[in-house]
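Novice: Here is what each chain is made of, one letter per residue.
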Amino acid sequence: MSVLLYAENSGGKFKKSTFEAASYATAIAGLLNTEMVAVSIGNVSKDELSKLAQYGATRILTVDQDQLKSFVNQAYASIVAEAARFAGANTVIVSASFSGKALAPRIAVKLKAGYVDGAVTLPDTSAGFTVRKGAFSGKAFADVNLTSEYKVISLVPNSYKVDPRPVPVAIEAFSPSIKESDFRTMVKEIVRAADKVSLPEAEIVVSGGRGLKGPENWGMVEELAGLLGAATACSKPVSDAHWRPHSEHVGQTGIAVSPNLYIAIGISGAIQHLAGVSSSKTIVVINKDPEAPFFKAADYGIVGDAFEIIPRLIEAVKQFKSAHA
Amino acid sequence: MNILVCISHVPDTTTKITFTDDHKQLNTNGIQFIINPYDEIALTRALELTEASGGSVTVIHVGDATTEPTLRKALAIGATDAVRINSTPRDAYFVAGQIAHYAKGKAYDLVLTGRESIDYNGGQVASMVAELLDIPAVSVVKSLQIDGSQATLEREIEGGKEILNCPLPLVASATEGMAEPRIPNMRGIMSARTKPLVVHEPVEIPSLQAINGYDKPASRSQVKLVDAEQVRALVDMLHNEAKVI
Ligand SMILES: Cc1cc2nc3c(=O)[nH]c(=O)nc-3n(C[C@H](O)[C@H](O)[C@H](O)COP(=O)(O)OP(=O)(O)OC[C@H]3O[C@@H](n4cnc5c(N)ncnc54)[C@H](O)[C@@H]3O)c2cc1C
Ligand SMILES: Nc1ncnc2c1ncn2[C@@H]1O[C@H](COP(=O)(O)O)[C@@H](O)[C@H]1O
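Protein chains in written order, with this note's numbering: chain A, -12 to 312; chain B, 189 to 433.
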């Protein structure tokens, strides 16, 4: 018995969310008195692979074939399920990234496993195997007890701390049986703004609403985000009006985020908006209306005009950074 | 082209969520239920595609009889017919099992779902149905174009998008951008009354998990207001107190 981590890479590099999932998998292996094994698919260097050992992987199975260079949902799911059987793992952990969330349900069906999507805590194994996840779009948590022999969990980015626990590791090539029929999807192109922090994984998010009046005013939002190493986001009306792309829309019908810091500027705080951001650790609200509902859901607030406050905040962050450089 | 659209029935987005005293169930008193917003996007795209190339749009829902107004609404928006699998959905695997069982052998060119239901937020059903039917699935799709028997899709990824090709049949889960949801008009509402709504009994699906209970997140303490002239104080608090920068 062991715990298997699907170690997702992006262009041959592991992201922080993969190390979070690795630490999480190692902690579960600890609870179950067993070892953490990782499977990596695609072209990842030995140096990069060995980073997983920093977070507790004792064994790494690597699958590196040309056909698998880009993400192919069906094939990846077959490989991870086969790796679980091969490694004698009955708990499989993936990061709840876009690809991880597409993959995990297929793995669960293949293994006849119960599946918790978007876990936010370690399993409670005192009576069963119960994992907490968000439900009702941030308005509640559900405690899900997995009763099956095999178990699959996807972990929400930013919900479990990276925890260095270096161990010796064995890296071995793994050759799964590959079905041609698993390769029906073909990636044509990946379009990504290279210098942008990805929203679902960002530790800090700067978000703007209709109070910012128009797309031309996002320059200062981006400047502030750039200084803080933050991702930018927006409310739904802002993306509906095409001031910002849909991929930045957070809330109940957009992306759910749980950064350490969420800064909301000119957003009223409608229940549907709060649904996607309320699990942020710290919330700062800047709004000119002291009655804006968002203040009730905030930790810190400034009542004032965004067009005056943002430039001041940019200056203050610059001063702070030079003082702490 | 024949398309199957999976519809889930969820509390209205403005609902304040509360639970029964034992924390085991959603308190449905006074809750207005709606079609899951993403499923409306999927349904609208299905209608656009069949309007362009012919074919039918069947909506399917796993739920008890109280959910029929939701299916009637889907018919009013424009679906050709509706199917209800008569049972209380236990979990996504149960729902996917029912849908896959219904769809098997019916040669749908496309099965569409929403990216996630706004109640359970699983985002599981699409991939599970695809796995059970052994066909591809593409999740969180913001653009879906069909050319003959080939689909071109754009799916969301961290910080960008991936454009991919896939032969039909396939399952896709819809997100914003795939279509602008339609609202039913008077004619649609009238004709929905007479469109077929067929009820099937569920098949048995093994149980792999159970919800022990629900909980509400801890509420935040009172907001600390910072003077608009003292913005630097906010930065210091975020560093020293909240420790987030
Ligand atoms: C089915 C459904 C789903 C939805 N899903 C989502 C969702 O996922 N995400 C989402 O965000 N919304 C969602 N909404 C919309 C939601 O109900 C609100 O309408 C929306 O969040 C409001 O956006 P806003 O706060 O940017 O705009 P407004 O409500 O117009 O608020 C603008 C705010 O800016 C402030 N302001 C104005 N000028 C200034 C200034 N100069 N300086 C500082 N502050 C200023 C105002 O005081 C006000 O509070 C959904 C709605 C429905 C019906
Ligand atoms: N009870 C249900 N009946 C039919 N389709 C459903 C049901 N529940 C969920 N779905 C579909 O599956 C999608 C994802 O749901 P979920 O996996 O629960 O987040 C929804 O957007 C619907 O399209």
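Rather than coming from a laboratory, the hints here were simulated on the basis of the structure. Nothing here was measured: the structure is a model prediction, and the numbers come from that model. Careful, some of the hints might be misleading.
Derived lysine-lysine pairs resembling DSSO-like cross-links, with alpha carbons at most 27 Å apart [as the list claims (entries may be wrong)]: (1) Lys412(B) with Lys283(A); (2) Lys292(B) with Lys99(A); (3) Lys56(A) with Lys3(A); (4) Lys283(A) with Lys404(B).
Novice: Give a verdict on every hint.
Specialist: Hint check:
no.	hint	result
1	Lys412(B) with Lys283(A)	holds (10 Å)
2	Lys292(B) with Lys99(A)	holds (19 Å)
3	Lys56(A) with Lys3(A)	holds (20 Å)
4	Lys283(A) with Lys404(B)	holds (16 Å)
In this structure, none of the earlier numbered hints is contradicted; all agree with it.
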